[in-house]
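K.L.:
Following the hints, complete the assembly by docking chains Y and B onto the known chain S.
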Amino acid sequence: MTATSQPSGTSRLTEEQLLLRDAVRVLADERIAPRAAEIDRSGEFPDDVRELLAAHDILALPFPAEHGGLGADLLTVCLAIEQISRACATSGLILAVHELASLAIVLAGTADQQARWLPDLAAGRKLIAFALTEAEAGSDAAAIRTRATQDGENYILNGSKRFISHGSVANLVTVFAVTDPEADRHRRMSCFIVELPTDGFRVARIEHKMGIRGSPTAELEFTDVRVPAANRIGDEGDGFELAMRTFERSRPGIAAQAVGIAQGALEVAARYATERRQFGRPIADFQLVAGMLADMDAATESARQLLYTACTEIEAGAPDAGRWSALCKLVAGDAAMRVTTDAVQVLGGYGYIDEFPVERMMRDAKITQLYEGTQQIQRLVVARSLLGRD
Amino acid sequence: MATILVIGETTADGGLARISAEVATLARTLAGQAGADATGVVVATDPTAAATELAGYLPAVSAIADAHAADQVAPQRVASAVVEAARAADFVLIGASPDGRDVAGILSALLGRGVLVNAVGVDWDDGPVVEMSAFGGKLITRSRFTGSSGIVTVRPNVVTAEPASAPGTVTEASADAGADLPAVTVVDRVAEASAAAPIEEARIIVAGGRGVGSPDGFRIVDQLAEALGGAVGASRAAVDSGWIPYSQQIGQTGKIVKPKLYLALGISGAIQHKVGMQTAETIVAVNRDPDAPIAEFADLVVVGDLFAVGPAILAELRSRSG
Amino acid sequence: MLRIVVLIKPVPDPASAAERLTPDWRLDRTAAPPVINGNDEYVLEAALKLINAHGGEITTLTMAGHGATDVTRKALAMGATRGVIVTDDALAGSDVVSTARVLAAALRELEFDLVFAGIDTSDGVGGVVHAAVATLLGLPYCSFAARIEPDLEARTVLVRRISPVGYDVLAAPMPALVAGTQALGEPRYPSLKGIMAARSKEVVTRSLADLGLADGSVGGSVATTRVIDARQPPARAATRVVRGAPDEAAREVVDFLAERRLI
Numbered sequence: 148m149t150a151t152s153q154p155s156g157t158s159r160l161t162e163e164q165l166l167l168r169d170a171v172r173v174l175a176d177e178r179i180a181p182r183a184a185e186i187d188r189s190g191e192f193p194d195d196v197r198e199l200l201a202a203h204d205i206l207a208l209p210f211p212a213e214h215g216g217l218g219a220d221l222l223t224v225c226l227a228i229e230q231i232s233r234a235c236a237t238s239g240l241i242l243a244v245h246e247l248a249s250l251a252i253v254l255a256g257t258a259d260q261q262a263r264w265l266p267d268l269a270a271g272r273k274l275i276a277f278a279l280t281e282a283e284a285g286s287d288a289a290a291i292r293t294r295a296t297q298d299g300e301n302y303i304l305n306g307s308k309r310f311i312s313h314g315s316v317a318n319l320v321t322v323f324a325v326t327d328p329e330a331d332r333h334r335r336m337s338c339f340i341v342e343l344p345t346d347g348f349r350v351a352r353i354e355h356k357m358g359i360r361g362s363p364t365a366e367l368e369f370t371d372v373r374v375p376a377a378n379r380i381g382d383e384g385d386g387f388e389l390a391m392r393t394f395e396r397s398r399p400g401i402a403a404q405a406v407g408i409a410q411g412a413l414e415v416a417a418r419y420a421t422e423r424r425q426f427g428r429p430i431a432d433f434q435l436v437a438g439m440l441a442d443m444d445a446a447t448e449s450a451r452q453l454l455y456t457a458c459t460e461i462e463a464g465a466p467d468a469g470r471w472s473a474l475c476k477l478v479a480g481d482a483a484m485r486v487t488t489d490a491v492q493v494l495g496g497y498g499y500i501d502e503f504p505v506e507r508m509m510r511d512a513k514i515t516q517l518y519e520g521t522q523q524i525q526r527l528v529v530a531r532s533l534l535g536r537d
Numbered sequence: 059m060a061t062i063l064v065i066g067e068t069t070a071d072g073g074l075a076r077i078s079a080e081v082a083t084l085a086r087t088l089a090g091q092a093g094a095d096a097t098g099v100v101v102a103t104d105p106t107a108a109a110t111e112l113a114g115y116l117p118a119v120s121a122i123a124d125a126h127a128a129d130q131v132a133p134q135r136v137a138s139a140v141v142e143a144a145r146a147a148d149f150v151l152i153g154a155s156p157d158g159r160d161v162a163g164i165l166s167a168l169l170g171r172g173v174l175v176n177a178v179g180v181d182w183d184d185g186p187v188v189e190m191s192a193f194g195g196k197l198i199t200r201s202r203f204t205g206s207s208g209i210v211t212v213r214p215n216v217v218t219a220e221p222a223s224a225p226g227t228v229t230e231a232s233a234d235a236g237a238d239l240p241a242v243t244v245v246d247r248v249a250e251a252s253a254a255a256p257i258e259e260a261r262i263i264v265a266g267g268r269g270v271g272s273p274d275g276f277r278i279v280d281q282l283a284e285a286l287g288g289a290v291g292a293s294r295a296a297v298d299s300g301w302i303p304y305s306q307q308i309g310q311t312g313k314i315v316k317p318k319l320y321l322a323l324g325i326s327g328a329i330q331h332k333v334g335m336q337t338a339e340t341i342v343a344v345n346r347d348p349d350a351p352i353a354e355f356a357d358l359v360v361v362g363d364l365f366a367v368g369p370a371i372l373a374e375l376r377s378r379s380g
Numbered sequence: 047m048l049r050i051v052v053l054i055k056p057v058p059d060p061a062s063a064a065e066r067l068t069p070d071w072r073l074d075r076t077a078a079p080p081v082i083n084g085n086d087e088y089v090l091e092a093a094l095k096l097i098n099a100h101g102g103e104i105t106t107l108t109m110a111g112h113g114a115t116d117v118t119r120k121a122l123a124m125g126a127t128r129g130v131i132v133t134d135d136a137l138a139g140s141d142v143v144s145t146a147r148v149l150a151a152a153l154r155e156l157e158f159d160l161v162f163a164g165i166d167t168s169d170g171v172g173g174v175v176h177a178a179v180a181t182l183l184g185l186p187y188c189s190f191a192a193r194i195e196p197d198l199e200a201r202t203v204l205v206r207r208i209s210p211v212g213y214d215v216l217a218a219p220m221p222a223l224v225a226g227t228q229a230l231g232e233p234r235y236p237s238l239k240g241i242m243a244a245r246s247k248e249v250v251t252r253s254l255a256d257l258g259l260a261d262g263s264v265g266g267s268v269a270t271t272r273v274i275d276a277r278q279p280p281a282r283a284a285t286r287v288v289r290g291a292p293d294e295a296a297r298e299v300v301d302f303l304a305e306r307r308l309i
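Chains as they are written, first to last, in the numbering used here: chain S, 148 to 537; chain Y, 59 to 380; chain B, 47 to 309.
Don't read these hints as lab results, they were simulated from the structure. Computed from a prediction, not measured in an experiment: that's the story for all the values here.
As a list, the in silico DSSO-like pairs of lysine-lysine whose alpha-carbon atoms are at most 27 angstroms apart: (1) LYS318/Y <-> LYS196/Y; (2) LYS95/B <-> LYS247/B; (3) LYS95/B <-> LYS313/Y; (4) LYS313/Y <-> LYS196/Y; (5) LYS273/S <-> LYS356/S; (6) LYS239/B <-> LYS273/S.
Bound-form chain S, shown alone (with noise of 0.2 angstroms):
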């Protein structure tokens, strides 16, 4: 039997969740992975699939059902993105960014600002961005610069993002700004809604990146932007703890677009080696070949289980999630890069051209180290947790 592409690890999965996953899969093989190469050549935000995600629910999967969401929880959640992005990684992220972003309406919103906005975020007629880092405020986030200072009902915003995931096509953006300078670093921030258009709003520029080329990373500038003070989340100071209690369910997030970019490497490399033929035998027959593929399947599911048991973990609302999203998202990182790595090394000079797609999965894979946190940043969080000082 040649290699299949049976998904696995379904001992923790419910009959629901184990539809739901089938469904985004059956969706994402037909409809997704056949528009993978041409999204990544020409660079564009691919509109038809978000148009597809709103229009089969997968975008309202975040979101409480009061709000017209799905109310599924961060495993199901997980499940999609990574079925999706093991056809295109660009492509999973708009669930991803779009569940990472709405995040702080859902945990700390107010029951009129979820009502206000959650119902076209459910119904993915509109797109939201995530704007914390600058460019001089990455890893070190407490230190960004943009400002909010108040002017009677409103918040006057200035400053600029740098490497906003859906910049330019959002219609809302998630800002975190500094309302108090003098406060302690973890409480000069305040996070805000953004409503867009809106005067002072400029897109400044679109970065070209080695991969996830489809999605659009910006840089964003706000001159004077008026903030009505009701669009404020939560109560002033609180967006570091905001923007951190985001990154715990987040980070599985991109924990699961990395499994799904591991996972569908694997299968093309797999498949490959069944199929290629050197020296009157199908490269699969040879133990190095064999091995890598080995280790690749090992990388990817166990990349995989430690995500389930993160979410459920997470979900569970265990006092150690930090350490548990922190834990997936350096792992499934890692594997996404070595297993799509391996993979362009198993189809040899083939890998390397872009008849095949574990060029462009490699190129993908390693946007999952750097963000939500770069690995090193997630070595500290595991590192404090486990040494009792968080």
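P.N.:
Relative to the frame of chain S, chains Y and B by itself:
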């Protein structure tokens, strides 16, 4: 002494369906082995022609004229007309055609008797021993009835029809008052293609798949079928693409066939198709892809373009037939 | 308002190639993951389209032990309204007669305008059960349906039955039982909303006692047929591979056919 009843089916023009001739031959063989009696029955608006044909295979045939056979759907009419004759017999044999299956199911309920379906072989050992193909042909099972009566549906091409040494008698009979089965009216009969025997009965099938590419592409399939005296079949891909009707589809959700020759053009041989034809006696495939699954179980595979190889085979066949 | 009962059966996934028999020659239904029998999905889709058009409800009915819940959930996720599962240890190894009696008994408890079934099951119990069920219930019966059009006002259903040359148009009064084919149209994939909604839909379980059939009259112990043995078919000879120019290949093929006396 056991009695075996064969229920014969008629074709649209009133003749005997070929599958019924095969089943009758089988019944006669079993009767010989069992020291049993085999008889037949035909139900139709005018059953004479079919009953006479059936009597070529069995010692005695009842011909039942049924005024409603034309305007009501057949299985209920047939089952109702023969129910007492079936009850009186120990074993009932019928072809596993669409109508045959329905008759078998209806009689099973009326008589409370078991059914062994889709027989690919029947022997006798103090009752019928029925061979059936399981798991798409991966396994052949043998089954029997636990009691002394039962119904067997028999696939086409299991035996070759062989007339008896002397024709049997035909007796006119009237339908049993029998069961009061709800009538289903035939409002219209629509022909979409020229009259063709059901593909399951074909001895030779030439089938086209995704590789055929278009309805026009099917021309070479049709031509080869004609040259070989066979029927045209298709994989699901061809049917889904609208190149050929569903009635010609072979595979898991289509027809299961066991022809002497299955010639597959541009068919990959994936499992869903394979289960429909893998018990064919001879399988020949033409495919561009040497690693297509069909290459694993065909007897002969030509690696090449079916639009080049197909016409070449056609030309070769024609030249040899002179 | 149209009320349709759809008979669905879990079968071992044919694509998994993991089907097996138990030591006593019964189908080991736990060996391969269960899926909805292929043809049942088509009639379920037809039922869903009909209630979309006419309004109504779909009840699925399944007689099975292993796999009944899985296929019921999938059908509910596709849009069926509720599910009924008949399960009982005594039913293992049931034959056509028992299966038909049990399904008929379960149907007697339900109200419906139409009962749908797939014409065949891929696990080999070839398509006679639904005719038997219809007969036991005294329902008009049509098989090999390519199209099903109920007329609620006239209380009739028009069915296109596939024939070797095309199709016949049949008319039957409702309630009726219709067995349908792939020609009814591609089944939808369950939407995510449908999957999530399924968790709150009703699934009722009936045992033989619930159906008044616990008297030993049905079930594996009274099967009218039994499997004696099984064997693998003889292996095919190794494949002969022919390459080369079409003319040459054609000659080889025709020689081969002549050798086997096929021409």
